[in-house]
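Chemist: Protein chains in written order, with the working numbering: chain A, 1 to 526; chain B, 527 to 899.
Hints listed in this document are in silico derivations from the structure and should not be mistaken for laboratory results. Please read these numbers as outputs of a predicted model, since none were measured by experiment. We put the CB at the ideal spot given by N, CA and C, even for glycine. Each hint should be verified, as a subset may be incorrect.
[To be verified] Which chain A residues stay away from chain B? Per the calculated CB distances, all over 10 Å, these:
hint, residue
1, 69
2, 77
3, 78
4, 95
5, 138
6, 218
7, 332
8, 358
9, 456
[What the hints assert, rightly or not] Straight-line distance between alpha carbons at most 30 Å, and here's what the computed DSBU-like set of lysine-lysine pairs gives:
hint, chain 1, residue 1, chain 2, residue 2
10, A, 406, A, 385
11, A, 385, A, 374
12, A, 197, A, 126
13, A, 410, B, 769
14, A, 214, A, 280
15, B, 764, A, 406
16, A, 227, B, 881
17, B, 764, A, 403
18, B, 877, A, 227
19, A, 408, B, 877
20, B, 725, B, 820
21, B, 881, A, 76
22, A, 488, A, 512
23, A, 209, A, 410
24, A, 374, B, 769
25, B, 877, A, 76
26, A, 488, A, 147
27, B, 877, A, 406
28, B, 769, A, 317
29, A, 403, B, 881
30, B, 881, A, 16
31, B, 725, A, 408
32, B, 820, A, 408
33, B, 877, A, 410
34, A, 214, A, 170
35, B, 769, A, 406
36, A, 406, B, 820
37, A, 396, B, 881
38, B, 877, A, 280
39, A, 385, B, 820
40, A, 374, B, 764
Each chain is listed here by its residues.
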Amino acid sequence: MEQNDPLKHDIVVQMKGITKVYPNGIAANQGVDFSVRRGEIHALMGENGAGKSTLMKILFGLEQPTGGEILVNGEKVSFASPTAAITHGIGMVHQHFMLVPSLTVAENIVLGMVPRKSGMFIDFKKATELTNEYAERFNLAVNPIAKVVDIPVGMKQKVEILKALIRGAKILILDEPTAVLTTQETAELFRELVHLKEQGYTIIFISHKLNEIKQITDRLTIMRGGKSMGVYETASISEQEISRLMVGRDVILDVQKGAPTPTDVVLRVRGLEYTNEWNKKMLDGVSFDVRKGEILGVAGVEGNGQRELVDMLFDLKEPHAGTASVNGTDVINASQARIRAMGVSLVPEDRMTYGIAEAATIEENIISDRFEEKRFNHGPLFNMKAIRAESDRLIKDYTVLCKSRKQKVKMLSGGNIQKVVVAREFSSDPTLIIADQPTRGIDVGATEFIRKKLVDLSRAGAAVLLVSADLNEVMELSDSLIVLYGGKIAAYFEDTSQLDDLVMGEYMLGLKRQSDEEIGRVCHEK
Amino acid sequence: MRNKRMFGFELVRGAAAIAVALGVATIFIFLSSKEPLTALRYLLIGPLVSIKGGVASFNTQGFYNILAAMIPTIFTGLAVCVMFANNQFNLAGEGIVMVGGFVAALAGIYLHMNTGWHAVVCVLIAAVIGGLIMLIPALLKVRLGASEMVTSLMLNYVCMYLVLHFLNYNFADRSKGSTQTYAFADTARIGSLVPGGSKLSWGFVVALVFVVIIALFMYRTRWGYAIRMIGINEAFSKYSGMKVGGTIVLAQVVGGALSGMGGGIEVLGRYTTFLWKELPGYGWTGVTIAILAKNNPLLVPLAAFFIAYLNKGCQLMATYSDVPSEMIDIIQAAIFLFFAAEQFLAGYRQKIVVKNTRADLAKVAANAEGGAE
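Construct the entire structure; sequences and hints are all you get.
Modeler: Laid out in structure tokens, this is it:
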């Protein structure tokens, strides 16, 4: 015991000079120093792409560092896998939950360490007891026999935390835990985290939301561009200072946009219904209109039907009832080619699956929706000159940072990948743009750029349907918005300028619901 | 700079895979042979160097033979390139080569045309039939979701036994001791490219022309583009509005046509009658070639040359030493393994990436400093 050195004794995790270069050449961490004291809530802050998640993945054994060393409780460690990290008392709750939807809460919690009866059968009773015992001890209320598919996001997160605690975690890494939570759920989570802290647990809290950090953390480390910008006592640093260190310049958070002048209805959706494979009704009679020249936002906690709505409009799934049309033409039964021919563009939520072909070049990704057009073909052959000109022009217009149009898309950063997607989707002179989480996980510069483009396009006469789990984004960008809860529209706000996020939270959580008349106003029928 | 390094890496990786494979072969030769050095000499330099009385000389006929052996495998290699680039693991090329050869032979026997056109028509018929046969696994895949790998693999035997049936019962020349067709008309033969009765026919030139055509098709036309994009990411292609089903069918039909053509040219260029009684193996070799060429049509001739050379070397080794010709399977399998293994030398690759990135970062830092001053 090094009792004569209290400071050293105090440190539970120390990472020195961590460097990580991914196989695609992105240096996500460049000599990062990071240390956490026992029993503190330590924020790891930084913009998307700053390297926070990479650093934590290294600590949790999901990624191997290219250089640097890690000490846990003063002992030098190297984690080949999360299993190794868990045996050293490190647990991680990912941003996207790693749960099996068709199993119960208790089954999920004991997965991989299942209690058995007579050495063979799963002891469900014991699993339930174990879950209840831990839930009580840590004040994390969950229903052990509910199926994960049926429980709200807030409870899923508690299940994840319990999973880590039951495996003996003393150090908890939470990756943007509030990203999917409402204001009320966030407050509840914070109470639980403080409770854990009081019992001597150490919490590393990844976030980029300033107000939350000020609220519950003791110290914070700020990262920018793969480097550490220093460690600070939360109480002694101002929000402005944190913001400056995170971004390195003053960010204009609110987008400047003129008043909308909506005209004819472009997208008309009536009575859309969809039931998923676990027999859960994901969309339940959704009706709304999007008009030319306006941005209609779709807010809501993730998993309340947003994804299904977009999938239906772009023929990725078939609805079980309802209609949708663009300028009077049915889109439900049309192929993507036909939908695109109607002037519909989609910035997909899952950009790595739908938005791009990773192993193809930027040029090949840019022309994917227009390569059959006459201007890009000379008889049977491609008109390479026109294709080059088009991709060079779009790379320039959308400030895609790259070596050349021949670079593979997988070599680009997240923000630049999204710019490639947006360059294609926004440049086809669309009448309707469906933007699904258009700025998720990308850097500030690209975010600003994409938001500004969206506003410009809508003011130039495009109809925009903006789906976003980022409350700030959906409230700032939309002219009017609907809130989805449990597959239904819970509220419609004609004017977003006076909206308050606490009110939004109540609708998003299903605590409140507007009357059918109020909601019905989103259908602009004559 | 970066691209040069990465390209260099790929070359080193390929060379290393071949070296390791030959190393494995050497071990087996030393284990199984009483005269390992002789065996190795035939394997490695035998195909091109003949040694008579202690004097080494370039073996021109041997060289022609290797080129001749490349003719069918260039076609099947190209066919597999097109289909694999579309992410369709279609293996029916093997059976279609046989059908193509058979159909071309029949057209050569029973059609009566002028020199020049006759052979062309025979080969075109083989190509059309090859493309049509490929519709079976392609449509089963697109319409019913049946794995093209399974259906095409089975299809090979359907092809083979159909050919054997018709050969035995309908078209055999009963005057001959073995089962074979009548001789095709002189007008249908594909002539030799070089004097001296070599098997190196004009088919070789046609094969090279098709290398260029397929490279253009894949990289310079909308169809080839769609084939490649669907191969990389089908969901993305569908979302982009491409006709995914039609393109998947197209890729396989093109693959079938190329395979059929390869079979036709091989039969009309090498033989005077059709006498295959089992699958010729060119379809399988095509798979090896496509993997060596990384689905790049322009690299197919190189890969085909390499395989032909290796085959010849193994043949010579089996003939003139005590090592069995099956050795080639071991060597091919070893090369295959190291080429296909993404992680082979991945650590070395990562080092290059780190080095590149460090260099980039240093450059950025230098620029920033320069800008500040």
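Chemist: Hints numbered earlier in the text: which of these fail when held up against the supplied structure?
Modeler: 8, 14, 31, 38
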